Each structure stands twice: as C-alpha cells, then as structure tokens.
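Sequences listed follow chains R and Y, in order. Here my numbering is used: the first residue of the first sequence is 618, the next is one more, and so on. Here my numbering is used: the first residue of the second sequence is 313, the next is one more, and so on.
Incorrect hints may have been included.
[Said to hold, decoys possible] Covered, in the sense of this in silico footprint (three residues per stretch, anywhere, with C-beta under 8 Å from a C-beta of chain R), are these stretches of chain Y:
#1 370-377
#2 484-497
[What the hints assert, rightly or not] Only pairs whose alpha carbons sit at most 20 Å apart, straight line, appear in this in silico SDA-like list of lysine to any residue:
#3 Y:Lys382 with R:Lys820
#4 Y:Lys382 with R:Lys668
#5 Y:Lys592 with Y:Tyr644
#6 R:Lys761 with Y:Asn536
#7 Y:Lys464 with R:Gly806
#8 Y:Lys563 with R:Ile760
#9 R:Lys820 with R:Pro698
#10 Y:Lys491 with Y:Tyr644
#11 R:Lys668 with Y:Ile545
To be clear, the hints were calculated from the coordinates, so they are not data collected in a lab. This one's a predicted model, so the numbers in the text were calculated from it and none came from an experiment. Beta carbons are placed, not taken as given, at the ideal position from N, Cα and C, and that holds for glycine.
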Amino acid sequence: MKITAAAHAHKPLSLSDPDGFKYLLITLTLAIIGLFLVLPLATVLTEAFAKGWLTYRDSLTHPDTLAAIRLTLLTALITVPLTTMFGVCAAWAIARFEFSGKNVLLTLIDLPFSVSPVIAGLIYVLVFGAQGWFGTWLSDHDIKIIFAVPGIILATLFVTFPFVARELIPLLQEIGHEEEEAALSLGAGSWKMFFKITLPNIKWGLLYGVLLCNARAMGEFGAVSVVSGHIRGLTNTLPLHVEVTYNEYDFVGSFAGASLLAGLAVVTLVIKTFLEWRQAQDLKSARVASE
Amino acid sequence: MKLITLAKTVILIVALSVSFQVIADRTLLNVSYDPTREFYQEYNKAFIKDWKEKTGEDVQIQQSHGGAGKQARAVIDGLEADVLTLALSYDIDQIAAKTGKLDKSWQKRLPNNSAPYTSTIVFLVRKGNPKGVTDWTDLVKEGVAVITPNPKTSGGARYNYLAAWAFAEKKYGNKEAAKDFVKKLYKNVPILDSGARGSTTTFVQRGIGDVLLAWENEAFLAVNQLGPDQFDIIVPQTSILAETPVTVLDKVAEKSGTRDLAEAYLNHLYSPVGQKLAAKYYYRPFKPEFADPKDLARFPKLERVSVDEIFGGWEKAQATHFADGGTFDEIYAPQ
Chain R
618 MKITAAAHAH KPLSLSDPDG FKYLLITLTL AIIGLFLVLP LATVLTEAFA
668 KGWLTYRDSL THPDTLAAIR LTLLTALITV PLTTMFGVCA AWAIARFEFS
718 GKNVLLTLID LPFSVSPVIA GLIYVLVFGA QGWFGTWLSD HDIKIIFAVP
768 GIILATLFVT FPFVARELIP LLQEIGHEEE EAALSLGAGS WKMFFKITLP
818 NIKWGLLYGV LLCNARAMGE FGAVSVVSGH IRGLTNTLPL HVEVTYNEYD
868 FVGSFAGASL LAGLAVVTLV IKTFLEWRQA QDLKSARVAS E
Chain Y
313 MKLITLAKTV ILIVALSVSF QVIADRTLLN VSYDPTREFY QEYNKAFIKD
363 WKEKTGEDVQ IQQSHGGAGK QARAVIDGLE ADVLTLALSY DIDQIAAKTG
413 KLDKSWQKRL PNNSAPYTST IVFLVRKGNP KGVTDWTDLV KEGVAVITPN
463 PKTSGGARYN YLAAWAFAEK KYGNKEAAKD FVKKLYKNVP ILDSGARGST
513 TTFVQRGIGD VLLAWENEAF LAVNQLGPDQ FDIIVPQTSI LAETPVTVLD
563 KVAEKSGTRD LAEAYLNHLY SPVGQKLAAK YYYRPFKPEF ADPKDLARFP
613 KLERVSVDEI FGGWEKAQAT HFADGGTFDE IYAPQ
C-alpha cells in the first residue's frame, strides 16, 4: 500500500492531470471561498470602521454592548465546563463499557445536532414558561428561568451538549485501552488511571471539543433568541445585540459587535488548526510506538 | 485544582451578578413593539430625569422590542413587563385573558382608550415613485411588489391588512369585493417578515419591493435615517386609525413594587413633555396643543377610519381575519 501511494505521488503531473484540472479546481474553490467567506468578513470590518476608529470604540464601550459581552462570557463560562464534564463522562461510558441502550444514548447525544435551535429554545419555553409545566410553581417561588439568564444558559447547554462527547468517543476508541489496563494491573485506581493515562492521551482532542463548544456557546443565536426576551442591557447576548442594533439603524454598532464575533471565529480557527496538528502528531507517535 | 479555581470563579461571578440586581435601583421593564425604539430611548431619559427631580430617586428603565404579537406571546409566557406599550389593544386583551395579570377593563384606565399617541398606515416608495403609486388601488396592479409583515405576528401588519380592507369595503360597498381586493394585494407580497422593523429593513436595506406598507412613524424615520434622497412617502386618501395603547401589568408591578413608578411613567406620556416627544418621533399626539407646531405640520391630512367602526372591534377583527382558518389564511398563499 505505502509503496503504491509513494509511486503515485511521484508520477509526473502531465500524466495524472492532462487538462490542468487541478488548477481549475483550486481556482474555483478559492473563488467560492473568497466570495462567500472572505468578502463578507471584509464587509463586516469595513462597515464597523465606516465612521472611523472612535465611533467603533464608542460602540464597543456602550453600556448595552458591554452588558452583551459580559452575558456572552458568563454564558460560555458556565456552559463550557458543564458540557466538558458531561462530554468526558459520556464518551468514557460509551467507549469503555458495554451496556444495553448504548446506541440509544449515542443517538440522544446527537439529538441537538439534528434539532433546529429554535426548537431547543421553544421546548424550554414550553417547560418553564408561565403557561408551561412548571410555570405556576416557578412564579409562585419567584424563580425566573425563561426571559432571564438561566434560560439563556439552558438553551446554550442544549445546543452545545454533543461537542465534547462527539469529539472524544472516536478518539477513545482509537487509542484503545491497553495502556489503561496496564496501569490498572500495576495497581493504579480508576481515578489515577484516568488522570495519568487517559487524560494525557485525549488532551488535544478534549481541547478541540472544548474550543468548538465555546465558539458555539458564544455564537448561538436561534435558541437564545427564543428564550431571551430581548431586554436591552440585561438579556441580550452579543449575537442578539448585533441584531438589535442592526434593526435600530445603528450599523456601526451592529458591525462592531459582529467584528468581535468574527474575531472570535478567527482565533478559534487558528487554535483549532494547532490542536488538529498536535492531535495528529500524538496519534502518529502512538502508532509508531505500538508498531 | 484547576477545576476548583474555575468553580470558585463561576460562583463568584454568579454571586456578583445576583447581588448587583439586589442593590440596584428600582427598574421598570417596558415591553413594546418594533417602531417605538427611538421614541422610548429619548422618552426614558426624559422620564428618569423628571422622576429624579420630583422624588430624588434614581430609576432604570429597561426596554424590549419586537413584533407586537411576538412580544405579547413572550409576556404570556412569562416575560415580566411592568408596563406594556403595544401596537393594538387585542394583544393586551389576550394577555389579560390568558394570564389574569391585569383587569379586562384596562383600556378605560387612561384617556383616549389608553392611547397617548396614535398612528396610521402610509406607503413608502422609492424616490420619484417609479411605479406611480398614489392610492390603495395601485397596490393590486400587476408588477407592483408590496412589502408588509406577517399579520399573525406583527401588529403593524394587521393594521396594514385592515386598512386595505377598510378602503376596499368603503369603495366597493361589500365584503366580497373587499376580500377579493385584499387577496389580489397579498398576491403582490413576495416576503412576509415577522415584524414591522424586519419589513422596513427588507425594503430599505435589501432593496426588495416597490411599496412598503408602513407605520407612519416608521416611514418618516426610515426616510430621515437612511436618506431623504432615496424614498418618498405616499399618503393614501383613507387609512386606518391605529390606536397604540399603553397599560400597567398590575400583577407584575405589584410583585416588584413598581406600581407607583409604572403609573407615573405612563401618565408622563400624556404630559406636555411626553406629547411633544411623541410628535417629534412622528406619532400623532393625543393633545396636539403640547406638540411643536413644526412637528405637527409634517403630518399629512387623511381620513382615518377606526377598527371599531369597520370591523366592530379588535376581538371580532381578530377572530374573522387573523385566527387560524380566518380570512387571511384563505386569501394568502405563499409564493
């Protein structure tokens, strides 16, 4: 296998690609990416700075914007650790143990990927809203969930649920459990085994999942929009704030907020590439070691 | 270790944000509809200043905006508004009926059916009026694209629909002809946004459509904010009297101890300051004598028919036209 692949790679280009098909494809891909990704991103920045740096700065330091940034950070700070813990537990259970209903559990973990975020928001309104199942009880005890921060966090949890678990399950399966068994047979307890053996093995994949989860938690619009109530300075997250300011003809404010989200995307992308590279390195060295 | 530090940070932040809410000044949540954004931004500042001068107390006003029907739905689902400033009385009636958080007779509590300002529906067209639109009959012509939001979720959209119907029923003399007219009109509607502001953005920003059926104040605002050289306002001979009522949501205000503040907030709308600001933001004030005559001069003269007069009140209009299986569902087919 390896030999044929190498031979293939060294074949002269003119034989494998007589019509310059390669260049056509590359040009096409670049054009599409430029048109649909780079151009809009550039528009965001142009619009954000349309009235100069000072207006941009004022938009970002407006109390409503700051409140939106704070709420977005708070949401991520609460949801990401929770989904991470859940993801590790779920992935561990699924990759390491056999039990009945495992496939059902796998399907349930994937549910948020297949459900529209709007539904994710609406189910919480139906459960916790004033007309919902727990509505009367909640209002009797003066507990606010919907149209307040807890609702936003719940909705975000729902949509970010699968990220870490989905990342770890195949990774744990690929790594196998020989090293873990060795540790156990040498007398390590389950916790010690997890922290000394498993965690170091999955750390890049775990970070990768956390990163994607964080990007989604900060960027989620649909589910959060349904449960937010859109109270300025209180229940608007950054993505909602972008919409509100856009609707108020405050285009600089809107695109300034959007530029922050775009910046988040770029940072995410860079870290993601790095993590993918590290993970591939680790897997490769693990394979070499096992051979 | 790291986990513990993280947990501590989270607890600290949650505790901080909770304690902030405890020590903060009294706040009032005003749940309103789409086009009132700019008006209430300035009015809130004026009210906060006035209240501080009168009582020495610092207060905060929070705003929430969206399509009127959607906002009413949120209040029914538990959004804790102290005051409602919505587009039409039907939505507040619904809140009263479904939640019991305010009395059914709420509309009698303040003057002018609890509407400190009123509005109407006009046409916004592209500069120079290239399609030659002058009255309602031009909207059903072939090749004229009309932008209006979805009457199921938007108060303004319901006024748009009823204004067209009222015009046709008066002109042709019977309901069948009116239905036919409205059906033809909605054939010309390529997009139904969920709220008035969404429709304005569709028309103004995205450049879709020839005519926008808009709140009068929304039309003026769009022209002013986005360029008088791009749009013209066309005023039909007859349109609808849009009564946009305000009220205190009693149970919420009592629970949060803001009743006095909420009442003062709404009464202030009827004061010279409130009336003047309403006219400034293109709402027709209940007491024009308090408004700046220059602001009043901007309102064109037109005949405004009321929902009560033509449709026998909102309850009936809603049941006949906008309920599931109502006339709107019969005449509108998405394209």
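Verification of the supplied hints:
1. 370-377: Check passed, 4 qualifying residues.
2. 484-497: violated (count 0)
3. Y:Lys382 with R:Lys820: violated, 45 Å
4. Y:Lys382 with R:Lys668: violated, 34 Å
5. Y:Lys592 with Y:Tyr644: violated, 36 Å
6. R:Lys761 with Y:Asn536: violated, 40 Å
7. Y:Lys464 with R:Gly806: Since the Cα atoms of lysine 464 of chain Y and glycine 806 of chain R sit roughly 61 Å apart, the hinted pair is violated (cutoff 20 Å).
8. Y:Lys563 with R:Ile760: With Cα atoms ~16 Å apart, lysine 563 of chain Y and isoleucine 760 of chain R stay inside 20 Å; holds.
9. R:Lys820 with R:Pro698: Since the Cα atoms of lysine 820 of chain R and proline 698 of chain R sit roughly 15 Å apart, the hinted pair holds (cutoff 20 Å).
10. Y:Lys491 with Y:Tyr644: Cα-Cα ~11 Å, so holds.
11. R:Lys668 with Y:Ile545: The given pair, whose Cα atoms are some 28 Å apart, is violated under the 20 Å limit.
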